[in-house]
Amino acid sequence: MATGNIKDKVSIVGMGCTKFGENWDMSADDMIVEAAYEAMEDAGIDPKDIEAAWVSVTTSGVSGAALANPLKLDGIPITRVENYCASGQDAIRNAAFAIACGMYDIVLVLGFEKLKDSGLRGLPLTSFAEPVVGLGMTAPGSFSLPWVYFFEEHGVTKETLAKIAVKNHYNGSLNDKAHFQKTISLEQAIKAPIIAWPLGLFDCCPTTDGASAAILVSREIAKTFRDDYINLKATSLIIDSMPPGYRPKHEFSSWPATDRAAKEAYRQIGISDPVKELDLIELHDCFSITELVTYCDLGLCSREAVKDCIDSGFFELSGDMPVNVSGGLKSFGHPVGATGIRMVYELYKQIQGKVDKKRQVKDVSLGLAHNLGGYPQVASVLIVGSP
Amino acid sequence: MVGIRATGTYNPIYRLERKEIARAMGTYSMGGVKAVSNYDEDSVTMAVEAVRSAVDGINPSEIEALLFASITSPYKDKQSASTVALGVDLKEGVFTSDLSNSIRSGAAALTLAMDRVKSGSSKNVVITASDCRIGIGGSEFEQFYGDGAAALVISNEDLVATIEGSYEINDTILDVWQTSLESFPTSWEDRFIKTKGYQKTTIAVIRGLMEKYQLTVDDFQKVVIAVPDYKIQIGICKSFGFDIKTKLQESFFSSIGFTGSAHPLLMLAAAIAEAEPNDKILFVAYGDGAQAFVLSVTGLIKDRDVGHPPDSIESVITLENYEQYLKIKGLIATEAARRPLLPSSASYMWRERNYYTRFHGCKCLNCGTEQYPRQRVCYECKAKDNFEEIKLASRKGKIITYTKDYLFPCPIPPHIQTVVELEGGCRVYMMMTDVKPDEVKSHMPVKMTFRMLHDRSNFYHYSWKCSPIY
Chain A
661 MATGNIKDKV SIVGMGCTKF GENWDMSADD MIVEAAYEAM EDAGIDPKDI EAAWVSVTTS
721 GVSGAALANP LKLDGIPITR VENYCASGQD AIRNAAFAIA CGMYDIVLVL GFEKLKDSGL
781 RGLPLTSFAE PVVGLGMTAP GSFSLPWVYF FEEHGVTKET LAKIAVKNHY NGSLNDKAHF
841 QKTISLEQAI KAPIIAWPLG LFDCCPTTDG ASAAILVSRE IAKTFRDDYI NLKATSLIID
901 SMPPGYRPKH EFSSWPATDR AAKEAYRQIG ISDPVKELDL IELHDCFSIT ELVTYCDLGL
961 CSREAVKDCI DSGFFELSGD MPVNVSGGLK SFGHPVGATG IRMVYELYKQ IQGKVDKKRQ
1021 VKDVSLGLAH NLGGYPQVAS VLIVGSP
Chain B
3 MVGIRATGTY NPIYRLERKE IARAMGTYSM GGVKAVSNYD EDSVTMAVEA VRSAVDGINP
63 SEIEALLFAS ITSPYKDKQS ASTVALGVDL KEGVFTSDLS NSIRSGAAAL TLAMDRVKSG
123 SSKNVVITAS DCRIGIGGSE FEQFYGDGAA ALVISNEDLV ATIEGSYEIN DTILDVWQTS
183 LESFPTSWED RFIKTKGYQK TTIAVIRGLM EKYQLTVDDF QKVVIAVPDY KIQIGICKSF
243 GFDIKTKLQE SFFSSIGFTG SAHPLLMLAA AIAEAEPNDK ILFVAYGDGA QAFVLSVTGL
303 IKDRDVGHPP DSIESVITLE NYEQYLKIKG LIATEAARRP LLPSSASYMW RERNYYTRFH
363 GCKCLNCGTE QYPRQRVCYE CKAKDNFEEI KLASRKGKII TYTKDYLFPC PIPPHIQTVV
423 ELEGGCRVYM MMTDVKPDEV KSHMPVKMTF RMLHDRSNFY HYSWKCSPIY
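Going down the list, the protein sequences come from chains A and B.
The first sequence maps to residues 661 to 1047 in this note's numbering.
The second sequence maps to residues 3 to 472 in this note's numbering.
For the record, the hints were derived by calculation from the structure and aren't laboratory data.
Note that the structure is a prediction, hence the values are computed from the model and not measured.
Worth double-checking, as some hints may not be accurate.
[Unchecked claim] Once the Cα atoms are required to be at most 25 Å apart in a straight line, the calculated SDA-like pairs of lysine to any residue come out as:
hint	chain 1	residue 1	chain 2	residue 2
1	B	365	A	903
2	B	398	A	776
3	B	393	A	902
4	A	776	B	337
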């Protein structure tokens, strides 16, 4: 078990994010250029100031060349990071370590995914080339599996899940970079065609194009770029070692990787009561039920209370613990490699007080971002805050 | 003495009412239903299930040869018997061979197995016949053919029936045929087939057998006339004087359909199951000539669970309409899933054959945790390379959790994906089959069944799914 921490050693001084959506008019390279230049302009730096870069992409590109080519980043080290849906956060994490050890002062982290050029609905299945093991699995199918536990033990219903979708659609309707900017009704969500029981169409995030970028610097020089920079407070990445469906004795009441990643991140900065101490959370709502399970795994509420918490609006924009005020993966979209960095973009802008006032949360100083990927078995938690 | 040590039959869960075919095709209905193999079944998977039921209670290491008979082998160039032997988890040293191209190939396998046992080259030979023939739309074959498999263990000890003699006739008559270029069988005019084929040959072979062994009609308590026409069966009984009510074996044509090379063995298995000790059975299998056998049931039949009649399986699912049948059989062009199909790997399937095809798992010798598929390092205690291989196919399990998935391609959606815990604790993330989606429940008991998963990279991938225990 790790005992160290990265608290306040690395700062974020600039960020960028393209419009997420069906970006038929933009190539992957177009989106990379948009996100990178927005971040560099935000930080007030030139491409030549960048000493090293990390690029997060799962299926739309390979190698550091995916970033070097569109940005003409000549002669610097660029690492490609792939870790399922946690790729973006893992890129930030590795870039932060490079800064913290003193190797670099200014680096670029960029995540992107161009999913809408495949002609397919949903994600390409490149990671599942196994001819027998895992066969029959789809993303909504594998993420839906805790439903039996929550429906049978804790009174959760399709309506409970629909409330999460309605919330995230509402939040997305207030965000002009979101894929969907439309509210939906509870009835619409409940009655939508089933994709993988109990998940209907509105319980599933869309297939989205997008890119997002961050400029990370060492804390010592952060102030030279801007006053309202933010600091990296904690970062953790946990991989469970066997796909949940094959894991002996696994109880489908939790995705343990999240639980363990959260505990590790809380340890790093001494969080004991996340609801009291965190102001804002962006979590991995690839499916409505994933958001529900994650509430529990992040320690925001007990499994017994999760239905009541959702019913009472606890996680809504105006609630005690606002979750996914950006619209989440559900409304903002989920270009896999970009998502983790996009979440930090939301926290960065919220801490700076720069988002549309309709969804600006008051006095945000500490925010958490969470991703969960794979069967699922890969989770990351990243906490950022004002210095 | 050579004879039958055990019997097993398998017929698939789906039934299609013939009147539904008649409705779709605007023709008359033959009446009754036909058994329809599921989209993940073929003659190999059904043979595995039939053999599993036959060898239940027999140590697999005793089986020294396996013969597979079928007109509908999945491959033209690749043996099916070896895959069946792997699916049933027989030892590597087993002799395997296919017999094909005739509805008599199942009976031919019986003769060859008898010869092998008599010669002493094998003590126990499993024969299995399995077919899933498809008649062209609107034809009588479409209604008449059903899918199924049967298996017999031929041995010289522990017999439920001895085989006391046989007689054969060869005939190259063109009654029903299918060239290697055609997708469906063709036939000559039915009056010709019935009089010069079914009737003439069957009568001749029975007469030949009775003369050879100096038997009379009264010597037989049961007659199994595996000729693909019920009226001809009646006619033959009448012409010899066999009492139809008491002696003629049920044909299963109205509850299963004619199952090709499997049918003679299927009817014989049913006759043995219902027989009394010392009953003599006349068994005739028609096809490119005919074979006749005389069998004598032993006293062991009383103590042996020889299974139920092949048409009384625990549960059937009646297809709602002809379109479902077309989709299951791949007879209607449907849009492919909007997902890329990834190439598979023959070397991969070969390397993992013990786990994927035999369905072995592993048990950690340090902490006892059972895991699937094979592992090098234990999930629970992290011990390295300290496992024993365990057999999972015959274990029962229960559903831990599941989903009904409309995204994963499946001819009759939704596809059911489950997490199953097998007896002993091994967890397997697996597809469920042969179930009505509304009947799936958590904690539901399931059994393992051998299925064809997919044909990516242009070859068939056989492995295991779960299905309900009714």
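Hints versus structure:
Distance check on the hinted pair: residue 365/B and residue 903/A sit about 18 Å apart at the alpha-carbon level, within 25 Å; holds. Proposed proximity of residue 398/B and residue 776/A is contradicted: the alpha carbons are some 44 Å apart, above 25 Å. Straight-line distance between C-alpha atoms of residue 393/B and residue 902/A comes to about 21 Å, which keeps the hinted pair within the 25 Å bound. As the CA atoms of residue 776/A and residue 337/B are separated by approximately 20 Å, the hinted pair is consistent with the 25 Å bound.
Violated hint for the displayed structure: number 2, the only one.
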